[in-house]
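Novice: As they're listed, the protein sequences go chains A and B.
1 is the number of the first residue of the first sequence in my numbering; add one for each residue after it.
1 is the number of the first residue of the second sequence in my numbering; add one for each residue after it.
Hints listed in this document are in silico derivations from the structure and should not be mistaken for laboratory results.
Fair warning: there could be bad hints in the mix.
[Stated by the list, open to error] Taking lysine to aspartate or glutamate and the DMTMM-like style, the derived pairs with C-alpha atoms no more than 20 Å apart in a straight line are:
hint, chain 1, residue 1, chain 2, residue 2
1, A, Lys14, A, Glu52
2, B, Lys68, B, Asp49
3, B, Lys71, A, Asp27
4, A, Lys14, A, Asp27
5, B, Lys71, A, Asp88
6, A, Lys41, B, Glu39
7, B, Lys68, B, Asp84
8, A, Lys64, A, Glu103
9, B, Lys56, A, Glu52
10, B, Lys56, B, Asp31
11, B, Lys71, B, Glu39
12, A, Lys20, A, Asp65
13, B, Lys68, B, Asp31
14, A, Lys20, A, Asp88
15, A, Lys14, A, Glu87
16, A, Lys41, B, Asp55
17, A, Lys41, A, Glu103
18, B, Lys42, A, Asp65
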Amino acid sequence: GAVVSQHPSWVICKSGTSVKIECRSLDFQATTMFWYRQFPKQSLMLMATSNEGSKATYEQGVEKDKFLINHASLTLSTLTVTSAHPEDSSFYICSASGQRYGEQYFGPGTRLTVT
Amino acid sequence: GESVGLHLPTLSVQEGDNSIINCAYSNSASDYFIWYKQESGKGPQFIIDIRSNMDKRQGQRVTVLLNKTVKHLSLQIAATQPGDSAVYFCAENMGSGYALNFGKGTSLLVTP
């Protein structure tokens, strides 16, 4: 089956530093990947849509200069949280479009804690 | 799905009973709907999906019902087990290449 991995699974960083999160489709190619953020006891909120070889499309209210997304290949998208602050602490989840109509495969998520 | 809420509603059921989790969606143009299960600290896990040209679809112990007239989706879990305890999200989609719009989720707690 289609598997999406994320690395790291959790990370703790100091305020002001940058953190990169990787999202990989392990056994399929994903033209489109999505990045979501989830706060405790809340739903997933879309941050951006990432298409291979082009600039990401960010949702309203998501700062593109703070959350840098790169989708350089059909199997890898990265999210870099720049100058992280405690309010950026969250669970970041990526997904990749599958072959089946409308289907998306989710990664296991990355827990980011900014101290 | 509905806009993100601040707290998850909780459904508590006894082991062996049937569970029904409801969801209202917002976009009448959505034509694909999915139910996901999310355990603590993990990513969403696909349960069952349904296209807008159907009103019912059954899987193993799960059934999804779609009422497009009132934009309502439900997930029925038969003979609920302790392992079913998790947060359940509905999601709507306009098709391939589009992001999912998630509902606010329901926390299911199965008691012995």
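Novice: Determine for every hint whether it applies to the structure shown.
Specialist: Taking the hints in turn, this is what the structure says about them:
1. A threshold of 20 Å between alpha carbons decides the hint, and for A/Lys14 with A/Glu52 the separation of about 31 Å lies outside it, so the pair is violated.
2. Proposed proximity of B/Lys68 and B/Asp49 is supported: the alpha carbons are some 15 Å apart, at most 20 Å.
3. The hinted pair formed by B/Lys71 and A/Asp27 fails the criterion: a straight-line CA distance of about 35 Å is larger than 20 Å.
4. Distance restraint check for A/Lys14 and A/Asp27: the Cα-Cα separation of roughly 34 Å exceeds the 20 Å cut-off, and the hinted pair is therefore not satisfied.
5. The straight-line distance between the Cα atoms of B/Lys71 and A/Asp88 is roughly 34 Å, outside the 20 Å bound, and the hint therefore fails.
6. The straight-line distance between the Cα atoms of A/Lys41 and B/Glu39 is roughly 12 Å, inside the 20 Å bound, and the hint therefore holds.
7. Distance restraint check for B/Lys68 and B/Asp84: the Cα-Cα separation of roughly 27 Å exceeds the 20 Å cut-off, and the hinted pair is therefore not satisfied.
8. At roughly 26 Å between alpha-carbon atoms, A/Lys64 and A/Glu103 are farther apart than 20 Å, so this suggested pair is violated.
9. About 35 Å separates the Cα atoms of B/Lys56 and A/Glu52, which puts this hinted pair outside 20 Å; it is violated.
10. As the CA atoms of B/Lys56 and B/Asp31 are separated by approximately 14 Å, the hinted pair is consistent with the 20 Å bound.
11. With a CA separation close to 26 Å, the supplied pair B/Lys71 and B/Glu39 exceeds the 20 Å bound.
12. Between A/Lys20 and A/Asp65, the direct Cα distance comes to roughly 14 Å. Compliance with the 20 Å bound is thereby established for this hinted pair.
13. Proposed proximity of B/Lys68 and B/Asp31 is supported: the alpha carbons are some 10 Å apart, at most 20 Å.
14. Distance check on the hinted pair: A/Lys20 and A/Asp88 sit about 13 Å apart at the alpha-carbon level, within 20 Å; holds.
15. Restraint check for A/Lys14 and A/Glu87: satisfied, since their Cα atoms lie roughly 12 Å apart, inside the 20 Å limit.
16. Of the pairs offered as hints, the one joining A/Lys41 and B/Asp55 is violated, with about 30 Å between alpha carbons and a cut-off of 20 Å exceeded.
17. With a C-alpha separation of about 24 Å, the suggested pair A/Lys41 and A/Glu103 falls outside the 20 Å cut-off, and the hint is violated.
18. Distance restraint check for B/Lys42 and A/Asp65: the Cα-Cα separation of roughly 27 Å exceeds the 20 Å cut-off, and the hinted pair is therefore not satisfied.
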